[in-house]
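Visitor: So you can see what is in the structure, the chains are spelled out below.
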Amino acid sequence: MIPDFEYAAFVWSSYLVFALVMTWQVVQPMLRRRRIKKQLLEQFEEQQAARLMQNRNSQNQNFRENRI
Amino acid sequence: MSHQDEQVWVIWKTLKRWFHMLGSPPTFSRFARTVSPWLWAAFAICLVYGIYLALYVVPPDYQQSDTSRIMYIHVPSAWQAMLIYVIMAVLASIALIWRIRMTEIMAMSCAPIGAAFTLICLVTGSIWGRPMWGTWWEWDARLTSMLVLLFIYIGIMALYAAFDDRRKAARIASVLVLAGAVNIPIIHFSVEWWTTLHQGQTIRLLGESSLHSSMMPPLLWLTVAIKFMFGAALLDRSRNELLEQDQSKQWVQRELEGQFDARQQTRAADHA
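Heads up: the sequence lines are chains A and D, in that order. Note that the first sequence ends on residue 68 in my numbering; no numbers are left out. Note that the second sequence ends on residue 1272 in my numbering; no numbers are left out.
Hints listed in this document are in silico derivations from the structure and should not be mistaken for laboratory results. Just to be clear, a hint being listed does not mean it is correct.
Each pair of labels, with its calculated beta carbon distance range [as the list claims (entries may be wrong)]:
no., chain 1, residue 1, chain 2, residue 2, range
1, D, W1038, A, Q48, 32 to 38 Å
2, D, K1249, A, F63, 54 to 60 Å
3, A, F63, D, D1270, 30 to 36 Å
4, D, M1216, A, E6, 45 to 51 Å
5, D, R1254, A, A8, 26 to 32 Å
6, A, A8, D, D1270, 37 to 43 Å
7, A, Q61, D, W1018, 51 to 57 Å
8, A, E6, D, D1164, 28 to 34 Å
9, A, N57, D, V1090, 25 to 31 Å
10, D, F1163, A, E65, 28 to 34 Å
11, D, K1016, A, Q48, 37 to 43 Å
12, A, L20, D, Q1201, 47 to 53 Å
Just so you know, these numbers come straight off a predicted model, no measurement behind them. Just so it is clear, CB atoms sit at the ideal spot from N, CA and C, and this is done for glycine as well.
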């Protein structure tokens, strides 16, 4: 049995509004989480890089001190 | 203490322990991450079945014809808009009295979801009103108090966004939440206190409903669907807010470490 769904525009427009708002409710938290995670991962990478640089600098300094 | 009292005491203590555990950000984040996909799935199933019943199975109303199908999304949205406000007011009270940060965050995350349901209620009501009442809008008590609810939700969101200090913002907005709670009984009893164009209460939890029994299943399925959706959206939004506020904290970095490693490996593979 195939439904004909010949309802007036009033019915369809109501369901369309409902669908749009529901979709936004689903999508908005996903987009925000993606943005936050991207931002956090970049920060995390910067921190890791800074830590690596610091380690390398201290190693170089130790090496120089040993040579002297 | 009787056996029944003992059981009630155990349940109460368990709930209290759960409540305190969820007050911890890492525990809440883990809980939200685990539970929310299931709630979204339950929402999708109930929504699809509810809409199938509403648009296909239920016969048209003998007076309103197919326009009555708007009711299946209008009524659950209206109920949810008011319920969310009550939940938000309870959370805001807890936040103001006990200063629990998670309740502040959850109360503030309720506002955009509540505003969305209020908007659906107002728009679908207006679309229904045009063929049934012959007007898009009427300044009657029920419609006006619902519009006030939308403005209160927007006001809470604006107030929360107006301060850089999130905790201060949440506390100030919580005061507005409590002040605005007076509107909820006004919405509920508006059809009894004033002569309104909006119809009176047709569905009762206690007592006989005047709605035909064939119209109940889609209404119930969509009501349940919307409850699941609220739960999922609230958990997701609260977790997002928490991650943003706690981005410098160690638990967030620990949570992201796995993803960071995966990203590093992908980059290394791309480089190679």
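Visitor: Each hint: holds or not?
Guide: Taking the hints in turn, this is what the structure says about them:
{"no.": "1", "hint": "D/W1038 <-> A/Q48: 32 to 38 Å", "verdict": "holds (34 Å)"}
{"no.": "2", "hint": "D/K1249 <-> A/F63: 54 to 60 Å", "verdict": "violated (36 Å)"}
{"no.": "3", "hint": "A/F63 <-> D/D1270: 30 to 36 Å", "verdict": "holds (33 Å)"}
{"no.": "4", "hint": "D/M1216 <-> A/E6: 45 to 51 Å", "verdict": "violated (25 Å)"}
{"no.": "5", "hint": "D/R1254 <-> A/A8: 26 to 32 Å", "verdict": "violated (55 Å)"}
{"no.": "6", "hint": "A/A8 <-> D/D1270: 37 to 43 Å", "verdict": "violated (54 Å)"}
{"no.": "7", "hint": "A/Q61 <-> D/W1018: 51 to 57 Å", "verdict": "holds (52 Å)"}
{"no.": "8", "hint": "A/E6 <-> D/D1164: 28 to 34 Å", "verdict": "violated (54 Å)"}
{"no.": "9", "hint": "A/N57 <-> D/V1090: 25 to 31 Å", "verdict": "violated (54 Å)"}
{"no.": "10", "hint": "D/F1163 <-> A/E65: 28 to 34 Å", "verdict": "violated (51 Å)"}
{"no.": "11", "hint": "D/K1016 <-> A/Q48: 37 to 43 Å", "verdict": "holds (41 Å)"}
{"no.": "12", "hint": "A/L20 <-> D/Q1201: 47 to 53 Å", "verdict": "violated (29 Å)"}
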